[in-house]
Amino acid sequence: MRAWLSLASFLGGIVLLTSACATSEEWSEWRGHTTHFASGTHGMFSLRNNKDGSNPRVARTDVDAARAENWWGKAITVSPEQIFQN
Amino acid sequence: MSRYVLAARGGLLAALLLFGLLVNGMTSAVQVEAAPADALMPIEKYTTEKAKGLANTHRLRLIEFSEQIYNCMPWLAVYPGRLGFPRYKDSADDERYLSMWIWVDQREDPVFAALPQERRVSAMFSRYGVDMLRRMAALSDVVDDSDVAGLSVVLSWLKPGTTRPGQQAVNETFALFIDKATAADFLAKRVAAEEFVSRAKFNLFDGETLVGRVRLQVWEDSFNSTYKLSNYQPPKGAQCQ
Chain A
1 MRAWLSLASF LGGIVLLTSA CATSEEWSEW RGHTTHFASG THGMFSLRNN
51 KDGSNPRVAR TDVDAARAEN WWGKAITVSP EQIFQN
Chain B
1 MSRYVLAARG GLLAALLLFG LLVNGMTSAV QVEAAPADAL MPIEKYTTEK
51 AKGLANTHRL RLIEFSEQIY NCMPWLAVYP GRLGFPRYKD SADDERYLSM
101 WIWVDQREDP VFAALPQERR VSAMFSRYGV DMLRRMAALS DVVDDSDVAG
151 LSVVLSWLKP GTTRPGQQAV NETFALFIDK ATAADFLAKR VAAEEFVSRA
201 KFNLFDGETL VGRVRLQVWE DSFNSTYKLS NYQPPKGAQC Q
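The listed protein sequences derive, respectively, from chains A and B. Per our numbering: the first sequence = residues 1 to 86. Per our numbering: the second sequence = residues 1 to 241.
Keep in mind that the hints were calculated from the coordinates and are not lab data. Heads up, a few of these hints could be off.
Claimed, not checked - List of simulated lysine-lysine pairs, BS3-like, C-alpha gap at most 30 Å: (1) B:Lys-159 x A:Lys-74; (2) B:Lys-228 x B:Lys-189; (3) A:Lys-74 x B:Lys-45; (4) A:Lys-74 x B:Lys-201; (5) B:Lys-189 x B:Lys-236; (6) B:Lys-189 x B:Lys-201; (7) B:Lys-45 x B:Lys-228; (8) B:Lys-180 x B:Lys-45; (9) B:Lys-201 x B:Lys-52; (10) B:Lys-52 x B:Lys-180; (11) B:Lys-50 x B:Lys-159; (12) A:Lys-74 x B:Lys-180; (13) A:Lys-74 x B:Lys-50; (14) B:Lys-52 x B:Lys-89; (15) B:Lys-180 x B:Lys-201.
Everything numeric in this text was worked out from a predicted model, so none of it was measured.
Sequences and hints are given; from them, build the entire structure.
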């Protein structure tokens, strides 16, 4: 019985350790991850001004337009009343 | 009725339908995009004189603040009417927080999606929430107002995996409230992150569903204060630091 308990604890420990390692890998990967701006990846950004893509300029209105094109429809979001009182 | 009249009516109906779809699409697209002044909570929506006074006194300062976010951090958007001085939902008294609700424009990302929900919250708060608290705390004339009890930042982002065709997207929303003394001490590193978390009131929402208080970890992340969108030109006159 004691041997079974020891084996179970040992295996449980291994599972915990391996899952912790995987998580910290994902964690550190996210911390170094800095290229995730959705509208910023829009192709139009490299096409403005010159057709060959040189000297591109991105204005705030371009970001608005890219955001509008990339939009997924109205997302389900908590209502302000669930967070605040005015 | 002639064939031509029927065809014309059909064309008109199709045009109206298309127009309706376009208008609907445009309003959906701009749901979180507010011009800088529109980000401020309208004064008439406040329910107490104290809040109306704060909104009146600090209106211009908040417009400047909103302009800076709009012009200099295009990866963020302040929800219309969600920059102001609300109080916490369950607050029995009239404690007012300088608060802003921000949408983070983030694409589907496998690294982010692989994180458990509470880790996504920690990642977003560490990356954007702390920096926005720092920026709000820097509005010393507003924060030093004796009618301001604390700071609040609300962050929303698309829940990974919910932007597939035929599915309605879902936002995850994290709302945090902290008294201004603790906020100042945390930002000045006089209070550790764990203590900051234990003193803060916060909740996570999955879409419209309250998840509640999650295990929040906070660490240094300089992304929001250092990121530059390549080739981005802020509008003339905007001073971005």
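Okay, the hints, checked on the actual structure:
1. B:Lys-159 x A:Lys-74: Holds, at about 13 Å.
2. B:Lys-228 x B:Lys-189: Within the cut-off at roughly 26 Å; holds.
3. A:Lys-74 x B:Lys-45: holds (24 Å)
4. A:Lys-74 x B:Lys-201: The given pair, whose Cα atoms are some 28 Å apart, holds under the 30 Å limit.
5. B:Lys-189 x B:Lys-236: violated (36 Å)
6. B:Lys-189 x B:Lys-201: holds (19 Å)
7. B:Lys-45 x B:Lys-228: violated (36 Å)
8. B:Lys-180 x B:Lys-45: holds (24 Å)
9. B:Lys-201 x B:Lys-52: holds (24 Å)
10. B:Lys-52 x B:Lys-180: Between Lys-52 (chain B) and Lys-180 (chain B) the Cα gap is close to 20 Å, so the pair holds against 30 Å.
11. B:Lys-50 x B:Lys-159: Violated - the C-alpha atoms of Lys-159 (chain B) and Lys-50 (chain B) are around 36 Å apart, more than 30 Å.
12. A:Lys-74 x B:Lys-180: violated (34 Å)
13. A:Lys-74 x B:Lys-50: violated (34 Å)
14. B:Lys-52 x B:Lys-89: holds (18 Å)
15. B:Lys-180 x B:Lys-201: holds (13 Å)
Of the numbered hints listed earlier, those contradicted by the structure are 5, 7, 11, 12 and 13.
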